[in-house]
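Visitor: Heads up: the protein sequence lines correspond to chains A and B, in order. Counting from 1, one number per residue, gives the positions in the first sequence under the working numbering. Counting from 1, one number per residue, gives the positions in the second sequence under the working numbering.
Keep in mind the hints are simulated off the structure, nothing from the lab. Warning: the hint list may mix true and false statements.
Which bits of chain A does chain B cover? Going by a derived footprint, with three or more residues having C-beta under 8 Å, they are [unchecked claim]:
#1 131–142
#2 222–229
#3 233–241
By construction, the Cβ of each residue, glycine as well, lies at the ideal position given by its N, Cα and C atoms.
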Amino acid sequence: MKALNIIEEAYSEEVIGKNFSRRETLTKGLGFGLKAALAMIPLGILDAVGNKAKAGPTNSAIVTVLNFALTLEWLESTYYKMGLSANSLIPAADMVVFAQISKHETAHVALLQTTITSLGGTPVASPTFDFTAGGTYSDVFTNYQTFLALSNAFEDTGVRAYKGAAPSLLGAGAVLTAALDIHSVEARHASEVRRLRGLKGWISNAEPNGLPPAIYAGEDNTTQLNINVTTVTTAPAISVTEAFDEPLAMSAVLAIAGPFIVS
Amino acid sequence: MKEQKLHNYFQEVLHAPVGRKGFLKYTAFSGAAVMLGLSSCKKDHGSGGSTGTTIDVGSGDTGILNFAYALEQLEAAFYIKVNASFYTNATTAEQAILSDIMNHEITHRDFFKSALGSGAIGTLQFNFSSVDFTSRTSVLATAKALEDTGVSAYNGAGQYITSSDYLTVAGKIVSVEARHAAAIRDLINPLSADFAGDDVVSASTGLDFSRTPNSTTGGPSIVATANTFLTTKISATQLP
Numbered sequence: 001m002k003a004l005n006i007i008e009e010a011y012s013e014e015v016i017g018k019n020f021s022r023r024e025t026l027t028k029g030l031g032f033g034l035k036a037a038l039a040m041i042p043l044g045i046l047d048a049v050g051n052k053a054k055a056g057p058t059n060s061a062i063v064t065v066l067n068f069a070l071t072l073e074w075l076e077s078t079y080y081k082m083g084l085s086a087n088s089l090i091p092a093a094d095m096v097v098f099a100q101i102s103k104h105e106t107a108h109v110a111l112l113q114t115t116i117t118s119l120g121g122t123p124v125a126s127p128t129f130d131f132t133a134g135g136t137y138s139d140v141f142t143n144y145q146t147f148l149a150l151s152n153a154f155e156d157t158g159v160r161a162y163k164g165a166a167p168s169l170l171g172a173g174a175v176l177t178a179a180l181d182i183h184s185v186e187a188r189h190a191s192e193v194r195r196l197r198g199l200k201g202w203i204s205n206a207e208p209n210g211l212p213p214a215i216y217a218g219e220d221n222t223t224q225l226n227i228n229v230t231t232v233t234t235a236p237a238i239s240v241t242e243a244f245d246e247p248l249a250m251s252a253v254l255a256i257a258g259p260f261i262v263s
Numbered sequence: 001m002k003e004q005k006l007h008n009y010f011q012e013v014l015h016a017p018v019g020r021k022g023f024l025k026y027t028a029f030s031g032a033a034v035m036l037g038l039s040s041c042k043k044d045h046g047s048g049g050s051t052g053t054t055i056d057v058g059s060g061d062t063g064i065l066n067f068a069y070a071l072e073q074l075e076a077a078f079y080i081k082v083n084a085s086f087y088t089n090a091t092t093a094e095q096a097i098l099s100d101i102m103n104h105e106i107t108h109r110d111f112f113k114s115a116l117g118s119g120a121i122g123t124l125q126f127n128f129s130s131v132d133f134t135s136r137t138s139v140l141a142t143a144k145a146l147e148d149t150g151v152s153a154y155n156g157a158g159q160y161i162t163s164s165d166y167l168t169v170a171g172k173i174v175s176v177e178a179r180h181a182a183a184i185r186d187l188i189n190p191l192s193a194d195f196a197g198d199d200v201v202s203a204s205t206g207l208d209f210s211r212t213p214n215s216t217t218g219g220p221s222i223v224a225t226a227n228t229f230l231t232t233k234i235s236a237t238q239l240p
């Protein structure tokens, strides 16, 4: 229903003469990656409309970003599938939480695959993972606290990764919206998992809470748009750090994920 | 469908103390205020009637930031009131969460005011008479609705932002709103799927909800919904 609305919006914008390029209109629709929706776009009609392109990333640039996201989603979806199937790892009371998270990560994989294909790209295959990271987390699927800690790490890193990637999707219409819509879901997951660990749902300063500090590097930033926010608010400084989640560059994210990726 | 559910939260929240008639009156009025804003677009932003003026948030990136500023003002004002006198039997843990969230929303509000500088809309006046601040149910349901609305508003506005820096800062804020939404939802229904429930996150795509300021798909727009809490009404006639 949502996808149909987007298509309708994109279509009516064409009809009323806004200057969307064909490619941009396509990406608006394709962001939701639904083949049924794709079939509904009247390409011939859109072709006939003026083609004053707005600035935006090329399809190949979008595919690069989405394949990066897909790699992270493979990591997360594989992790939760293994966790959910591990014997007596997740307490019965917490199963529904991880089933919900797993459902979303699996859906993200499928959505990204379809979207990448729709944009003319090739979705990356699932890497092979080693969630012990070469033995560092050897009890990850037998000790619930370790499992929770790595889940926390992957979710908070996921939030930072999508945030870092968003500017490179500027001008990509519904693909950007879809990325933002995934981003906030990762944040909901992160909040819940952090609270299962007995932490706050939000990130105070750059506290790593037993995880590699690189995951939280820069989270203690209090300067936004060149404003030192601590000087314009009565809220405590720690709240200022909590109130803004910080992005991470693709290279930093891959460095964090690297130890878990075998090939 | 999800919009309808979101709308229902507000209806639940507003229903109890004000009554259905009262809610309809609120909605009808805010609808009228938006209409007024539309008809006065690009002239002055005219009077919204006897209860005060309608403030239009403006156009482009500034309009989006002002729209966000209005929502953050609303959230901050709500949590300040929640924290001034907690609902009956609020636990220490709940108070800590609600206090943290208040400070985050105050931070967001003050940040936007500073970032917008002379382009900022004024300080809005609020009417929370529809919320029973002594009731855990009423307070948390309102908090849930405000947080989910905030998430959907930032998500929906993102693609209309032209500045990369503004997009990033909106991203920095929306994920914190999503963290709030999950925590509030977990307080209401602990250890359930509700922290990222199927009512806000599509079970088939795993996508959160996004909405433009004036979209009325499935229920009143975010602008109209915000206006149910505003004495000073806002409009976003130059935004989608």
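Visitor: All hints are to be evaluated individually against the structure, with a verdict given for each.
Guide: Taking the hints in turn, this is what the structure says about them:
{"no.": "1", "hint": "131–142", "result": "violated (count 0)"}
{"no.": "2", "hint": "222–229", "result": "holds (count 4)"}
{"no.": "3", "hint": "233–241", "result": "holds (count 6)"}
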